[in-house]
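**Q** Below are the chains, spelled out letter by letter.
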Amino acid sequence: MVHIKLESNILGSNELLARKNRNEFQNQGILVLNMMSSPGAGKTTLLERTIELLNGQLRLGVIEGDLYTDQDAQRIEKKGVQVIQINTEGTCHLDAGMVGKAFKNLPENDNLDIIFIENVGNLVCPAEFDLGEDCKVVVLSTAEGNDKPLKYPLIFHESRAVILNKIDLLPYTDFSLERFHKDLENINPNAKTFLVSGRTSQGIQDWTDWLLEEVHKKKGKI
Amino acid sequence: MHEISLMSSILDTLRESAIQNGINNIKQIKLVVGKFSMALPDSLLFAFEALGREELFKGAVLEIEERDIKCICQDCQHPFSLDNYYNFVCPNCTGRKTEIVSGRELYIDYYEGD
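Taken in order, these protein sequences are the chains called S and C.
Reminder that position 126 of the first sequence reads as 126 in this note's numbering, one-by-one numbering, no gaps.
Reminder that position 7 of the second sequence reads as 7 in this note's numbering, one-by-one numbering, no gaps.
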């Protein structure tokens with residue numbers, strides 16, 4: 001019997017590709033955001049509102065992850081920004097290899113300020129896969145309930161920004177803002193939080209102002 | 001259910017290493033999985049049954065060691081265990097700047113075979 005000590009990181013090959021992506025994004029000076037949420041939290045609507053405010057000021061690109069359809073990519077394309085669709089065909093998360101390929105296929109990938117990667121709707125698996133992004137952003141909606149940070153701690157712990165969407169529906173739900181802030185404070189006290197409504201555009205400007213700051217910080221580092 | 005992707009990558013690593021080391025049948029595989037990783041041991045075992053069907057893995061036992069979540073407070077350097085997955089608050093000084101030192105592991109420790 002032979003004993004082989006491997007100590008091999010299971011996510012090692014993904015991390016290698018993520019590092020490659022990160023170098024590429026750094027060289028181009030592009031701020032890359034990995035947008036994650038459960039299905040239906042409103043990522044695509046939030047992106048539409050974000051694009052409306054930033055298009056013209058910044059050069060934007062979107063990588064759309066979806067299991068099978070290109071419906072979200074079509075919605076983004078109508079907003080007049082570059083978009084590439086990744087269909088994972090059943091896989092519950094994006095990985096760094098998929099994002100690297102998609103980036104190469106963005107038509108003007110050497111002429112961008114921000115890339116939004118819209119991950120597959122899922123609060124579990126995407127948290128584990130580094131895509132080479134600058135920031136992970138998790139979107140939660142009031143209709144899902146305030147218990148999500150406690151139920152999915154890794155994704156909330158890893159995210160630089162937490163967006164609470166559908167804030168216009170707050171009066172019609174049992175969502176406790178106090179509890180949400182308190183739980184988040186224990187899981188990730190450094191997370192930047194934004195309370196927004198993709199439907200009414202409430203709070204979207206706070207989010208886009210933060211994005212503008214982050215873009216300038218990133219450009220300053222080159 | 002990303003455990004299927006993880007297991008597929010684990011089996012690729014083992015296949016490659018087995019060829020390099022002239023091993024034809026693996027008897028034992030040991031994984032280390034942190035409790036703060038999102039990989040569920042039961043799902044990994046299920047994925048192993050489903051994906052590791054060839055001769056190389058015939059009769060192989062997959063052992064999974066789970067590691068607890070341990071943190072160090074960045075303010076007072078107090079080490080503490082996290083039993084509940086979400087309360088990253090130092091029990092010594094109530095500081096919230098904590099670093100996870102254990103609990104994110106996800107690696108193949110070793111395997112044995114002939």
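Everything labelled a hint here was simulated from the structure, so no lab data went into it.
Here the structure is a predicted model, which means the values were calculated and not measured.
Be aware that a few hints might be false.
Taking beta-carbon pairs under 10 Å as the criterion, some of the chain S residues facing chain C (in silico) [what the hints assert, rightly or not]:
id, residue
1, L6
2, L11
3, G12
4, Q82
5, Q85
6, D95
7, N122
8, F129
9, P149
10, L150
11, L154
12, H157
13, N190
14, T193
15, W210
Where a beta carbon is used, it is the ideal one built from N, C-alpha and C, also for glycine.
**Q** Output the indices of the hints that this structure fails to meet, ascending.
**A** Violated: hints 4, 5, 14, 15.
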